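Novice: Spelled out, the chains give:
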Amino acid sequence: MAYAGDGGTPAAGAPHERASDQEFETMLVAILDSAYRLALRLTGESGDAEDLVQEAALRAFRFRHTFQRGTSFKAWFYRIVVNQFYTTTRRKHVTTTPLDELTDAHDIFMYARSAEAGLLPAAADPSDGVIARMAEDDVARALASLPEEFRTVATLYFMDDLSYQEIADILDVPIGTVRSRLHRGRHMLQKQLWRIAEELGIVTRSDTQRGDA
Amino acid sequence: MNLDRYTCLETVRRLDDYLDRELSERETIEVERHLEVCDRCLARFRFEGAVLDQLRGKLRRVSVPDSLVVRLRGALRLP
Chain A
63 MAYAGDGGTP AAGAPHERAS DQEFETMLVA ILDSAYRLAL RLTGESGDAE DLVQEAALRA
123 FRFRHTFQRG TSFKAWFYRI VVNQFYTTTR RKHVTTTPLD ELTDAHDIFM YARSAEAGLL
183 PAAADPSDGV IARMAEDDVA RALASLPEEF RTVATLYFMD DLSYQEIADI LDVPIGTVRS
243 RLHRGRHMLQ KQLWRIAEEL GIVTRSDTQR GDA
Chain B
8 MNLDRYTCLE TVRRLDDYLD RELSERETIE VERHLEVCDR CLARFRFEGA VLDQLRGKLR
68 RVSVPDSLVV RLRGALRLP
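These protein sequence lines map, in sequence, to chains A and B.
Position 174, counted from 1, in the first sequence is what the numbering used here calls 236; the numbers after and before it change by one each time, with no gaps.
Position 10, counted from 1, in the second sequence is what the numbering used here calls 17; the numbers after and before it change by one each time, with no gaps.
Among the hints, erroneous ones may be present.
[As the list claims (entries may be wrong)] Residues on chain B that point at chain A, a partial pick, calculated with CB under 10 Å: (1) H41; (2) E55; (3) R67.
Hints in this document: simulated from the structure, not taken from any laboratory.
Note that the coordinates shown come from a computational prediction; the quantities given were computed from them, not determined experimentally.
Ideal Cβ placement from N, Cα and C applies to all residues, glycine included.
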């Protein structure tokens with residue numbers, strides 16, 4: 063899918079021309095909301111997210127001559143955000159939640175568990191499903207608990223309508239790596255969500271154990 | 008039985024790519040042909056699609072704080 067929405071469309075003007083300062087500012091302001099969302103889900107904390115976006119914006123401004131018209135400003139800026147995030151987190155000590163058995167091969171975990179627990183939404187209406195009953199912070203917590211390489215891909219995927227190729231370009235990894243990390247990452251995310259739903263009492267452990275039997 | 012159609016296993020293996028519109032046109036058609044005749048797979052696909060939509064909805068409900076806009080305007084001297 064092309065970059066839809068404000069600021070995602072390639073900048074007007076002849077390809078390969080440099081953007082003016084005015085254009086740079088306009089493009090940055092247009093994607094600020096989505097860039098902040100990405101930063102918030104990467105860092106997990108609003109203060110850190112603000113710092114990350116500001117650092118990325120300053121860096122982008124300094125290197126604005128490297129942005130080429132006709133390409134996506136959003137993808138270019140996301141790349142700077144992600145690289146800045148890596149630079150910052152390498153400096154800090156990163157704590158990752160051990161995920162032990164969460165790395166199974168792909169299958170439809172939450173669907174199977176929901177069916178076993180009698181929590182499959184009627185027809186196509188998902189409004190009474192497990193995730194609908196969870197708070198935004200709980201969903202964010204599940205995403206934040208994924209190991210970093212899965213979390214970064216999944217965060218880019220969920221926070222914007224990017225194709226696998228666009229995510230691959232932002233992270234500078236092959237598209238096959240994006241595909242496999244994303245598919246496994248989603249599966250891990252479903253398991254983490256289910257675990258949190260158990261903690262919150264949205265599903266009971268007996269539902270799950272019944273499913274295990 | 009039409010042997011040209013995907014089996015349930017072949018269809019479910021393509022679930023993620025299908026929902027993300029990452030399949031080739033031919034594979035997309037094959038998946039949809041299976042979904043037309045298999046209610047079980049159709050229910051799975053709808054469930055997974057709804058899960059992804061709900062996750063996007065919950066995770067994206069964030070706006071940039073005014074404090075950041077102010078900081079950036081200062082740092083970049085935006086108007």
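Novice: Are the hints correct? Go through all of them and say.
Specialist: Hint check results:
1. Taking 10 Å as the C-beta contact cut-off toward chain A, the hint placing H41 (chain B) at the interface is violated, the least distance being around 15 Å.
2. Because the smallest distance between the Cβ of E55 (chain B) and any Cβ of chain A comes to about 6 Å, under 10 Å, the interface hint for this residue holds.
3. Here the hint on R67 (chain B) is kept, as its CB sits about 6 Å from the closest CB of chain A, short of 10 Å.
Violated hint: 1 only; the structure is consistent with all others.
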